Amino acid sequence: MCLEKGIGTLRWLAFVLLIFVLPVSVLAGATADQRAAILAPTNHFSQAEKWETLSGGSATNRRRFGHDAFSQHSANLPFEEQANFFVGDGVFRRVWVTAPASVKTADGLGPLYNARACQRCHLKDGRGHPPAGPDDTAVSMFLRLSIPQQTSGNEKLTVVPEPTYGGQLQDLALPGYRAEGRMVISYQDVRVVLDGGKAIVLRKPTYSVADLAYGPMHPDVMLSPRVAPPMIGLGLLEAIAEVDILAHTDPDDVDGDGISGRPNRVWSAEQGKFVLGRFGWKAGQPSLAEQGASAFAGDIGISNPLVQDPWGDCTEVQTDCRTGPHGDSPKHGGFEAPSEIMEFVLFYARNLAVPARRDVDATNVLAGKRLFYVAGCTGCHTPKFATRNDYAVPALGGQLIWPYSDLLLHDMGDGLADGRPEGEASGREWRTPPLWGIGLTEAVSGHTFFLHDGRARDLTEAILWHGGEGQVARDAFAAMPKRERDAVLAFLNSL
Amino acid sequence: MKYAVVAAAIAFALPVQAVASMEVSDILETYADIALAKYEDSHTTALELQSAVRAFLTEPSEASLKATKTAWISARVPYQQTEVYRFGNVLVDEWEGKVNAWPLDEGLIDYVHRGYGANNEENAFYTANVIANPDLVFGGHTVDATTIDQDLIHALHEVDAVEANVASGYHAIEFLIWGQDLNGTGPGAGERPWTDYSLTGCTGGNCLRRAAYLTTATDLLVADLREMVVAWGTGGKARVGLSASTMQDGLATIITGMGSLSFGELAGERIKLGLLLHDPEEEHDCFSDNTHNSHYFDEVGIQNVYLGRYQRIDGRVVEGPALSDLVKATAPEVDVEMRGKLDATIAAMEAMRQSAENGVAYDQLIADGNTAGNAVVQAAVDALLDQTTTIKKVVAVLALGDVAFEGSDSLENPEAVFQ
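Taken in sequence, the protein lines are chains F and W.
With our numbering, you'll find the first sequence wraps up at 495, consecutive numbering, no jumps.
With our numbering, you'll find the second sequence wraps up at 1419, consecutive numbering, no jumps.
One chain only, chain F, in its complex shape (with noise of 0.2 Å):
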């Protein structure tokens, strides 16, 4: 019609393309209210919402969706910054290996650790899980040691770590070196009942260390099991404005929802002042960057120029190990990892997209999208964010990206407590994690084992154990008839 009048083509083009194709960004101009209208969950649900299909933005996975749906890179990613993501995959799934070794690109191992490699927790760059019986070895899973604040504490820490163990228990060891011990859990069935009389049985895990290899720990040990979690979307995630996460926290629930949301203040190492934390179970981390290292660090040994010590978690006490042999050189900036091996994991970990939804105008999906935001459920899983335009990664700024997650700290109940604080997060707090992604956990990872230590076997047993701010929510689920529950689920499965 436009060609009618005598448009060109040139221009009608253009006017395609800013009607059409870059639709919102007609609204960059827009006030803060318009902006806030764009990202407000909705109150429609007889149709998708537009770009609702992209939960990563133009970053979003829409090519795979099996086994491999986790590890796609950022669909909007240059060729030649594609080839950092693949390097930075090498070097995730590298094994270390025991210093001095004739690759002295890959040793430094431990000398105390609980993997070889990113990848063997982080399986197909998906969830962990904890394991399958006491034989099993292919665990994805951990136990974190702290103890309470002590009268003088260096405000930095976000914990104290165990005087003897540190801050996490390392199960393996390398030759002639004492791994710590043994994670030991129990599970104890509680028994709920739904709508309509169906009993669903959860079970309660209880954790323990057993062969502790170097003498008792402190009695007040805190003990706090975590599970690998999804590496898909951080990169959106770090792209989130922090002044856009605080707009969410509530601190004294002044609406009167029922729900707080509080941000984790935690120390940045890299840009030496307090910041939200952001990543991690509790929001314990402050950036990708210091999250990588610390689990150079901690879960394999590495050095590297964020966390120095070669030595990884050993404490003072370990004294065998503090001495222990280290792939520590001068050609690697005096670390076992040097900088340039850090950044390409840094990019890769930045890049692994998050995958389109799928059915997102399904009737039945459309039903569960309405009941889990009627029930309160998004008071704490926030829909959308919008990226910031200034990232690391051009190809994730700018984008409207669909999280489910508020990145907030929330006081989940005695249920699923673990009674250990880190930073500003409580025992009884956990952050809400992301939810996108999560109805590909079984195609990928092939298991739904989910919470921060995988207790709950369907997504069911893990909205019941919702407790303390999601409690109003998670009753709300547990009243709906069966049928409601299903599209609750349907929705889920679609993200």
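Take these hints with a grain of salt, some might be off.
[Unchecked claim] Covered by chain F, according to a simulated footprint, are these stretches of chain W (three or more residues, beta-carbon under 8 Å):
# : region
1 : 1051 to 1063
2 : 1088 to 1095
3 : 1153 to 1166
[What the hints assert, rightly or not] Chain W is faced by these chain F residues, among others (derived, beta-carbon under 8 Å):
# : residue
4 : 45
5 : 82
6 : 86
7 : 204
Honestly, the hints are just simulated from the structure, not real lab data.
Since this is a predicted model, take the numbers as computed values, not measurements.
No residue lacks a Cβ here, since even glycine has one placed at the ideal position from N, Cα and C.
Given the coordinates of chain F, work out where chain W should sit on it, guided by the hints.
Coordinates of chain W only, in the frame set by chain F:
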């Protein structure tokens, strides 16, 4: 999102009009025809490998093992040229893992040198050694390996969600033929003795089971390649899918394959990483020391897709209208540049090949301290980068936007929602 589809059709009208004489559908047809020819050649050479394996196992000897090695190396020539089809075509990408997965923890399959280490907590199957162990019990998994058949190999592939558990494909077969390369970054490839398959003086133990594994893995390779021949033949899923896509998506498929293989996979994961770490474990064809050919024929594949001209293993030529023609009609100088860059990369790859043929294999080139060798490999990375820059110009010339990175639905894509 109907409006997006409309927008796609209108937006694409521009480049198509610009090259009215050029039928994009012909270009896609050439692309599919070359795919078919390459997969047919891969299938044919795999059948020859299968014959060689049978002959070797019937009468194992130094000579029949050597013939098997020759057949494997020949089989890689057409197959590597197909890799350019992988990234653009999801169907191929999903299929590829069972045929060319790499790197692998070979201890899953057979005995390994003790320097490999007995334990690897990362991978309970690290030294599972299926050939020696008919019963595998690990953690939550039990695998009955009494009979080595296709079902068992499927069950072991990526077992425990560990990607390094590669049970099938070219590289598993390569290991069974050559054995581990224990020479690090020094000269020499794997040196598996033919007697590992001897019926009378068996070395390495379990020769019959090893033979069963080699036979089964080779049969599987043939069957898997057959699948791709069907997919690209008349009425095949890959060909039909391509012709059903929009012209824009079709062209984007071709360029995505070229760009992603050039710089992500080849320059990045397969070359740069190994060079950075100086680690022969990161060498693509590490048992046979055939990596130089593997990289070279990847690049040849990129080039012949762009030019629309593939010379088959029997010397016949498949050719037709190609991307190059479309670019030439739109911006001849970009076509000249693209051709030049492809030639330059071929030359850089050729230098690695020359080196290997003169006795300094790829794993020696990437050794720590081998400055001259490192430079030869780095030159290939640089050429690939240079080539990629021009591929992006091709994308711009054809007004494909950023679709080349993804291949479909691009205009549904909010490029940057909040500016």
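**Asked** Among the hints numbered above, which are violated by the structure, and what are their numbers in rising order?
**Response** Failing hints, ascending: 1, 4, 7.
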